[in-house]
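Protein chains in written order, with numbering that gives the first Met the number 0: chain A, 0 to 300; chain B, 0 to 302; chain C, 0 to 364.
Quick caveat, the hints were computed from the structure, so don't treat them as lab data. Since we're looking at a predicted model, the values are computed, not measured. A few of these clues could be false.
Said to hold, decoys possible - Derived CB-CB ranges, DEER-like: (1) R296(B) / V83(A): 32 to 42 Å; (2) L268(B) / G242(A): 11 to 21 Å; (3) L132(C) / V83(A): 40 to 50 Å.
For every residue, glycine included, the Cβ atom is placed at its ideal position computed from N, Cα and C.
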Amino acid sequence: MSSTVQPRGATKIALSVHSWLVYIFFFAPIFVLIVFSFSDGRNVGRWGGFTLEWYQGFFDHNQIQSAVWVSIRVALLSTVISVVLGTLAALALERFKFRGRQVFDALLYLPIIIPDVTMAVMMLLFFSEFFELLDAWFNLDWQKGFGSITISHIAFNISFVSVVVRARLAGMSEVLEEAALDLYATRWKTFRYVTFPQIMPGVAAGALLALTESLDDVVVTQFAAGPGATTLPVFVFGLIRRGVTPLVNATSVLMLTASVFLVALSLAFQQFSGRGGRSLLRGGREAVSTPNNQMKKEIYQ
Amino acid sequence: MTMVTVRPEEQEAAAAATPEYEKAASRAASRRGLLLALPAYAYLVLFFAVPLGIVMIYSFATRNRFGGTDLSGWNLEAYRKLGDPIVRDILFRSLWLAILTTLICLVVSYPFAYFMATRGPVVRNVMLIFVMIPFWTNFLVRNYAWRVLLGNDGLFTNISEAIGLGERELLFTTSAVMIGLVYGSLPFMVLPLYASIERIDLSLIEASRDLYASGFQTLRRILFPLSMPGVIAGSILVFVPSLGAYVTPEILGGAKTTLLGSYIVTQFLTARNWPVGASLSFVLMAVMLVATVVYFRTGGRNL
Amino acid sequence: MTSDGGNDQVNNQAAALELTAITKRFGSVVAVDNVDLEIADGEFFALLGPSGCGKTTTLRMIAGLELPSEGSLKIFGDEAATLPPNKRPVNTVFQDYALFPHMTVEVNVAFGLKMQRVPKVEIAERVREAIGLVRLEGLEQRRSQQLSGGQRQRVALARALVNRPKVLLLDEPLGALDLKLRQEMQGELKALQREVGITFVFVTHDQEEALTMADRIGVLNEGELLQVGTPAEIYEHPVNRFVANFIGQTNLLDATVVSNDTVCLANGVHIPGKSDLDVGSRVAVCLRPERAGMHRPDQVPADHQSVVGRLESVTYLGNALVYTVAFEWARLEVRRENQPGGYRPYVGEEVAVSWTLDAISVVRA
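Chain A extracted, bound-state conformation:
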């Protein structure tokens, strides 16, 4: 006798068909995009034979190439800085009581939950006021560009890193640190030999999340960018608004590949970092759902 919990008969078939449709909905657009990035011809709705010319175009396009480099530099720099600051913040919040702790905690959550548009507006007004002040007081003619983009990315990435690292720290027993102290380790050595190796997977996951966020962001960057420099997503966003072209298709596919690669890397890393017995999936689920706000963040764009 089979359980009544498992859907049976027509219900099961209906549910199963429904699930397949959901997956088709998920993957069809991506699939079509990939296929047509290889299609010869300007018409993105009809197959015009196989070509790699659009990918060639991607690498030949000067503005795209400079945007790619800005993106990479912004992503790396903002990730490094926010990993350091975010990890320190996580340690402070999980392991210490201090004055102003609750205010700090709230302040650290805000960048994650604030709508992107609001954050973008904040950055626009801030930099316009800030540069005006610089001009008025120091006669400095600074412009928005690489620096302002990086500053705004760090502002939201600190929070993402600290959320992920905190989750990891909360799961790590403080007794391990006490044991190290008991075994003659100084505070620094306790961190170096016990705390840090233990939270390393969290730090790595946080770094990958920060990297992804930075490479993904359009709205905040658009408002923080200036004539000085712009990132790939912002540049592509501009192209898209002007219309669909096979060049954008190819660029999109490359961006897609980059993000899939980052996720795969993060899953592999979590799997690899010796969390004995944890399945790939649980690692992946944690990576995705621990910062559930990653979800919100993305959709705001």
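Since the structure of chain A is already known, use the hints to place chains B and C on it.
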């Protein structure tokens, strides 16, 4: 003699404990905590709290004749603009679209999440991975993919023509925006729903069937109430971002379907009415804050 | 421990641990209240009490993981109350062992020596020795997740002992093990302590464990150290009702002091009972079930005190029988070895429960 020993000459002066010493020690620990937090704290104050404050100041300011902003006279002019018919239409349209998106996501996700939760562990994990792949890929690209699909010479139009439905233009309509929003939001509904359904003791369903409930009654009276936390969490995760969406309507929507996010951006980039843009940003943030509080109140913490 | 002769000479006379007026407050809660305690060099000492009694806090203060609110704590004569844990010649075996999960057994054991910058050659030698001491040879390269509970405990012991601490602290060392392993480890721990000759202080809520292993026991309740003594002293002469009740099975009869060798039971009968408490103070007469006798009411030996009641129930334990005798004002348990023959009353029968003067003790209520 290598161990750390209590040889008095080596050891730092230790004394008997006193309440004063205890207090001093706890102050020192608190200082260490603050020191660790300080870099991030200072950064966020300077580059987040201050900008937020500036937006607030702007929202009470007045636009001058040249499109600049007059910061001296504080007033509620910008907030009064919320009652303006154009702005009100945009607010309602955004609200309606966000609600509709949330409902569609819920209806589509629920059977899917339930089906997933009742599969064996292997199938379940595979299904989960394939929900997460689109969820992790670049957001801009995902929206763009729909533009390719729905465009006037896109695959969708071609198919629709081929099967005799005539030329259907979906791009730049509200429907296109909604498809894009649903597409982007679906995983955020599926994941919390799945998490809460998976947590339900499925023998409760057996018990319900044993007590003469039909399949539908079981769904309505047992399954749905028990999965409520997931429903609430998923709804908020879909609703709030949809309300402030900017990229999706920009790519898939048209001039007649301006939504809140785009309107705010327009105020800054073209209309040059910064106070109105600032006040709307603030309203959007308030909605988000309320939703977040609701989310945490309903125990969505560990989703 | 003979290796650090220098120190031994300096502090030859001093107690291993000397706690004076140690108090720990967490906010308004007093976790440990004005405790005075001296533990001699080489002693196996148990801190015993129910959960939340302050025993773990006391241990943590000795380890340096908790700063006392007040008081002095000397380790071999040197003040250490405010010394950080990494500057104390004391090591701890934590309750759940707290093995570093990202290190192998060997690296775990070597950790303390490495932190003290002991030369590599010596580390290798001492680690090998310590692993041999707890009989873990062959498991050096394992990680803690790959070890059984008993093995983990041995690693934790080796990791602490390799540092040759002057005092070893153990927090519920056997708590995480199942019953059979626990009993086995009791003997082993005792033997290990004799072998290394280090002062062991362990915390437990299990009175049987304390009685079996410890040379002396300190009983704590609600932050107060109620009694310190050998297992026999504590079992036979508990200072108050709590200690009597907490250690072993016991019958407690409410009574009042009438004179320094007489108390008045709740039923008004005066019986001999020595106490140095003030006349009129409320006390309890403590009679262990196995010390009580049971006779036909007309056959009580002349030198026995007795009370007569009705046999209410008999519990069969295999090696013994426990009789519950009800009186109008109390209920007593009597434990008899299960031997053939002898007096076997029926339920409902009238029986006399009897005792000799040295079988009872009068304790504060």
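A quick look at each hint next to the structure:
The beta-carbon spacing between R296(B) and V83(A), approximately 34 Å, falls within the hinted interval of 32 to 42 Å. At roughly 20 Å, the beta carbons of L268(B) and G242(A) sit within the given window of 11 to 21 Å. Restraint check, L132(C) to V83(A): a C-beta distance of roughly 43 Å satisfies the suggested window 40 to 50 Å.
The structure agrees with every numbered hint stated previously.
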